[in-house]
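Going by full-length UniProt numbering, the sequence shown opens with residue 1, and the numbers climb by one from there.
The hints are simulated quantities; they were obtained by calculation from the structure and are not laboratory data. Warning: the hint list may mix true and false statements.
Below, in silico cross-link-like pairs of lysine-lysine (PhoX-like), each with a Cα-Cα straight-line distance of 25 Å or less [stated by the list, open to error]: (1) 20 - 58; (2) 65 - 20; (3) 45 - 72.
Label-pair distances were calculated between CB atoms; the ranges are [as the list claims (entries may be wrong)]: (4) 68 - 32: 28 to 34 Å; (5) 66 - 93: 16 to 22 Å; (6) 43 - 86: 35 to 41 Å; (7) 60 - 92: 30 to 36 Å.
We put the CB at the ideal spot given by N, CA and C, even for glycine.
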Amino acid sequence: MENLIKKNKQENLILEVYWKETKPVSILKLISKENGINKYQIEEKQGGWEAKKQRMDKSIPNDRKVFDSVCKSFGQFVSIEDLMQIIAGKMKVPGVCIRENPFVRRQQGWVSYHQL
1 MENLIKKNKQ ENLILEVYWK ETKPVSILKL ISKENGINKY QIEEKQGGWE
51 AKKQRMDKSI PNDRKVFDSV CKSFGQFVSI EDLMQIIAGK MKVPGVCIRE
101 NPFVRRQQGW VSYHQL
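Kindly produce the complete structure, drawing on both the sequences and the hints.
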């Protein structure tokens with residue numbers, strides 16, 4: 001994967017990535033600046049993005065909104081208990097608009113265009 005990442009930097013390839021909870025990650029944290037010299041501390045943590053494959057079917061990367069929504073979805077974890085409540089109709093799906101879309105209703109034959 002390291003070669004794929006280096007190739008991406010050279011050729012602006014589009015990569016498919018996934019979150020790997022066990023990936024070791026090193027973070028450089030600036031701790032001080034003295035006489036134009038930066039001093040860093042290395043922090044080790046787990047969890048980071050891992051390159052999966054090159055996307056040959058795409059020439060333009062996703063919009064920033066896609067990235068933001070993926071990051072947001074990590075904070076909206078649905079437990080098995082929640083999922084069972086959703087399936088049973090006792091709980092609404094988190095983050096889903098409950099207002100009916102008139103354009104979808106039109107495609108389903110529920111309303112005519114002049115009612116939109």
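Hints, verified against the model:
1. Under the criterion of a C-alpha separation no larger than 25 Å, the hint pairing residue 20 with residue 58 is consistent with the structure, at around 23 Å.
2. For a cut-off of 25 Å, the pair hint linking residue 65 to residue 20 stands: about 21 Å separates their Cα positions.
3. Using a Cα cut-off of 25 Å, the hinted pair residue 45 and residue 72 holds, with the two alpha carbons roughly 21 Å apart.
4. Between residue 68 and residue 32 the Cβ separation comes to about 33 Å, which falls inside the hinted range of 28 to 34 Å.
5. Remark: the range hint 16 to 22 Å for residue 66 to residue 93 is upheld by a beta-carbon distance near 20 Å.
6. Distance hint check for residue 43 and residue 86: the Cβ-Cβ separation is about 38 Å, which falls inside the suggested range of 35 to 41 Å.
7. For residue 60 and residue 92, the Cβ-Cβ distance of about 34 Å falls inside the hinted range of 30 to 36 Å, so the restraint holds.
No hint from the list above goes unmet by this structure.
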